[in-house]
Amino acid sequence: MPHDYDPRAIEAAAQAYWEEAQSFKAVEDPSREKFYCLSMFPYPSGKLHMGHVRNYTIGDVIARYQRMRGKNVLQPMGWDAFGLPAENAAIQHGIPPSQWTRSNIAYMKGQLNRLGFGYDWDRELATCDPDYYRWEQWLFGRLMEKGLAYRAKSMVNWDPVDQTVLANEQVIDGKGWRSGAPVEKREIEQWFVRITAYAQELLDALDGLEGWPEQVRAMQRNWIGRSEGVHMDFGIQGSDDKLGIYTTRPDTVMGVTYVAVAAEHPLAQRAAATDPALVAFIEECRLGGFSEAEIETMEKKGYPLGLNALHPITGAPVPIFAANFVLMGYGTGAVMAVPAHDQRDWEFAEKYGIPKRQVIFSADGSPCGIEAGAYVEKGILGHSDPFDGLDFAQAFNAIADWLEARGKGGRQVNFRLRDWGVSRQRYWGCPLPVIHGADGQVRAATELPVRLPEDVIVDGSGSPLKKMPAFSVLPNGETRETDTFDTFFESSWYFARYCSPDCDTAMLDERARYWLPVDQYVGGIEHAVLHLLYARFFHKLMRDEGLVACDEPFTNLLTQGMVVAETWYREDGQGRKHWFNPAEVEVERDERGRLLRGRLTADGQPVTFGGIEKMSKSKNNGVDPQTLIDRFGADTVRLYTMFTSPPEKSLEWNDEGVEGASRFLKRVWALALDDNRESGDAGGGLDPLAARYEIHAALRKALFDYERHQFNTVVSGCMTMVNVLHKLGRDEAVEGVMREGLGIVLRLLAPIAPHVTHHLWRELGFGADILRAPWPVVDAEALRRDSLEYVVQVNGKVRGKIQVPADADRQAVESAALDNDNVRRFIGEAQVRKVILVPNKLVNLVVQ
RNA sequence: GCCCGGGUGGCGAAAUCGGUAGACGCAAAGGACUUAAAAUCCUUCGACGCAAGUCAUGCGGGUUCGAGUCCCGCCCCGGGCACCA
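According to this note's numbering, the first sequence is numbered sequentially starting from 113.
Careful: at least some of the hints might be erroneous.
To be verified - Derived Cβ-Cβ restraints for the label pairs, each shown as a range:
no. : residue 1 : residue 2 : range
1   : I207      : A124      : 27 to 35 Å
2   : D285      : R530      : 22 to 30 Å
3   : K946      : A405      : 51 to 59 Å
4   : D786      : A279      : 52 to 60 Å
5   : S474      : G401      : 34 to 42 Å
The hints are simulated quantities; they were obtained by calculation from the structure and are not laboratory data.
No residue lacks a Cβ here, since even glycine has one placed at the ideal position from N, Cα and C.
Working from the sequences, and respecting the hints, build out all of it.
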């Protein structure tokens with residue numbers, strides 16, 4: 113034995129080699145095919161978690177694979193450095209967010225290097241760096257000029273005690289996370305970016321994103337939510353005002369029996385002047401959240417305004433209700449209601465004794481009653497003179513025409529997508545480059561960057577930047593905007609800045625045209641809509657500034673599944689849950705291995721199982737990758753995360769599996785370096801030709817699996833090869849096959865476990881650098897067979913297996929099948945009616 | 001509530017186009033080596049059955065010579081829902 117596998121030493125040596133050789137420095141070279149591989153950059157929260165390790169291992173495997181295939185690879189890394197947790201840390205520990213963030217970055221960078229990821233660190237960026245954010249400030253100024261950025265009122269969570277705006281995450285059961293005070297909705301003036309101007313293009317381009325999972329494209333399609341409908345104006349009884357609404361079901365308009373408006377709607381506000389009970393209702397609506405999930409699941413409540421709307425077609429009066437499920441900010445703040453044909457309206461009408469008027473009936477006489485619930489199918493109109501007898505499409509057109517002819521409405525395409533609210537009332541973010549003039553006008557700041565003051569300790573109350581006159585008040589008396597950008601703003605264009613990280617004269621330069629679009633983007637499925645939609649939008653904004661040449665930023669997308677683990681908790685007297693790390697819990701299982709109960713190791717008392725969830729701080733179910741790296745080495749951790757699940761599925765953590773991965777690398781090590789292999793019990797049994805067949809068959813599968821990014825079965829294939837080589841033993845006669853097999857295994861494993869393969873490649877004298885080795889190819893000769901095995905089925909059930917010559921014709925295969933003893937037994941006296949033959953695989957005899 | 005996924009042995013999983021269900025691992029059991037343990041190596045390992053075989057891919061139907069894979073209807077679990085990132 114030369115020496116044992118010592119990951120620490122060989123990993124440090126391999127990393128020193130890559131550093132010295134500048135192996136991962138990316139240089140523009142138009143003569144070579146480029147490959148830009150990008151993993152979503154991390155928020156520097158403190159230390160890497162398993163989700164990061166998984167994400168960056170997948171990205172690194174793809175980057176190294178493409179490099180070994182000969183591509184000119186760019187794989188950069190950086191930091192999504194602005195965000196709420198830095199402010200929380202500042203509140204808790206009294207550290208400035210900038211200091212906390214920068215020390216986290218330094219630590220996490222060390223961890224990434226320890227894992228051996230092949231990044232070009234010369235392109236590193238942090239979004240909190242003014243040299244980075246000045247360019248998004250510049251772009252925002254351009255958007256203001258183009259009318260793509262505007263101010264409007266919108267709703268926020270307001271903590272009345274801390275006098276501050278809260279993120280949704282900081283609202284717990286309707287109360288402020290620090291103050292415990294009931295949170296109110298408050299409308300404030302905010303900045304928006306007109307993503308809706310690009311809604312149609314963002315939707316249409318999804319069809320061309322063939323390298324994206326269909327699942328993500330479907331989610332974005334639904335999120336954008338294009339609908340074709342009709343807008344129309346209801347009158348207001350006793351007034352000249354109009355109430356505009358939009359509907360995708362104009363065919364039901366003759367069934368409208370009431371109209372609902374938001375509590376903040378001017379009509380409701382006006383009616384409240386004379387109705388104290390309505391004031392109380394509006395007040396009640398101010399509490400509670402405004403997220404879609406909350407609105408759709410809360411109890412639907414309403415209050416009549418004592419005011420009627422006039423039906424646009426019949427002129428008939430219908431009551432107007434204020435309702436808690438209608439939001440002022442979305443659409444017109446008013447909806448028409450058809451209880452007979454909409455389930456939510458049906459329930460509301462039941463509750464408040466509003467009539468239901470059925471105007472749609474089934475075309476084929478199938479049941480369409482509305483006694484037990486709304487009839488929501490499209491059908492034939494009735495009680496809808498002059499539109500009786502029309503179907504949905506006919507009615508849609510007839511009613512739209514009717515409204516258009518009279519100036520009361522018409523066809524309208526609507527999007528569910530809303531404009532992007534980009535301003536946040538927080539400190540640790542990029543300042544909006546806006547100046548409020550003395551005349552009340554706003555303009556874009558021209559001296560960039562607008563620097564965020566650093567070394568500030570926030571305390572969680574009020575608005576930090578508003579409290580800093582040195583920042584907010586200019587010498588001439590004008591004031592700066594004190595809102596900062598949504599952190600999605602920074603993460604929407606970082607992929608492009610990596611191409612031109614040091615450009616100080618523009619947002620991007622010509623290098624971006626070489627590298628973009630990103631060939632492979634890798635990140636969590638939880639970003640399927642927001643981040644990935646904003647980044648596509650931002651890319652189009654940059655394209656329209658002439659900064660990039662392509663239409664879409666990411667050609668191929670891999671959405672990795674989450675890393676999940678068991679959760680355990682105990683409730684205290686107030687019903688609050690305290691979470692315990694799975695490592696602190698002893699689990700009892702039944703004889704089948706199923707989970708029975710858990711006890712805390714510390715006190716032996718029971719803890720409750722809380723399900724299997726995404727590893728998170730809040731559920732305290734994380735596994736620290738650093739412990740594993742220290743114990744097993746980076747290659748083992750990388751191999752384990754690749755082997756345990758395919759990249760897109762969620763990965764359930766299991767400590768014992770890591771041991772298995774480590775064991776496999778030791779096996780590879782011993783196979784490659786241990787000259788005394790034949791002294792073991794194994795070996796000497798396998799014919800070299802058979803071994804070559806197995807190795808090349810496994811290689812063919814592994815090459816296929818690499819292309820489709822199914823790395824878990826790439827590893828399986830390598831394990832199979834190692835098992836085969838192990839059985840081969842070692843003597844002169846098999847040395848050629850052994851060496852060929854080892855060479856294949858090392859190269860297939862190189863992207864996944866780069867350090868140990870780098871070491872063994874050199875040690876075995878294959879070459880100086882496995883990264884530069886030619887990618888293995890299948891030898892067709894090794895796969896040639898003289899005879900083939902066919903499965904024989906009788907009526908679809910396997911009844912036997914036969915060996916036939918590889919060149920046997922259909923007739924010969926059939927007669928061999930019929931000749932099999934067991935097959936004959938199952939056919940018995942019956943007649944063979946049909947024979948199905950799948951070449952090289954299977955014969956099915958259909959008998960009666 | 002809405003949109004999108006997922007459900008296969010004790011566990012993670014595999015099955016490229018509808019063609020042998022469970023590759024490759026983990027755990028477990030038995031054995032070899034060892035004074036012993038660890039490590040390593042060998043063997044077994046879906047359920048029932050002595051066996052032949054039967055059953056089995058969340059549940060219920062359907063299409064097909066043949067269904068984990070396609071269709072219809074359910075159940076359960078997870079992700080997202082616009083201020084967590």
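These are the hints, each one checked on the structure:
Remark: the range hint 27 to 35 Å for I207 to A124 is upheld by a beta-carbon distance near 32 Å. A C-beta distance of roughly 26 Å is found between D285 and R530, which places it inside the suggested range of 22 to 30 Å. Remark: the range hint 51 to 59 Å for K946 to A405 is upheld by a beta-carbon distance near 55 Å. For D786 and A279, the Cβ-Cβ distance of about 57 Å falls inside the hinted range of 52 to 60 Å, so the restraint holds.
In this structure the hint that S474 and G401 lie 34 to 42 Å apart at CB holds, the actual value being about 39 Å.
Violated hints: none; the structure is consistent with every hint.
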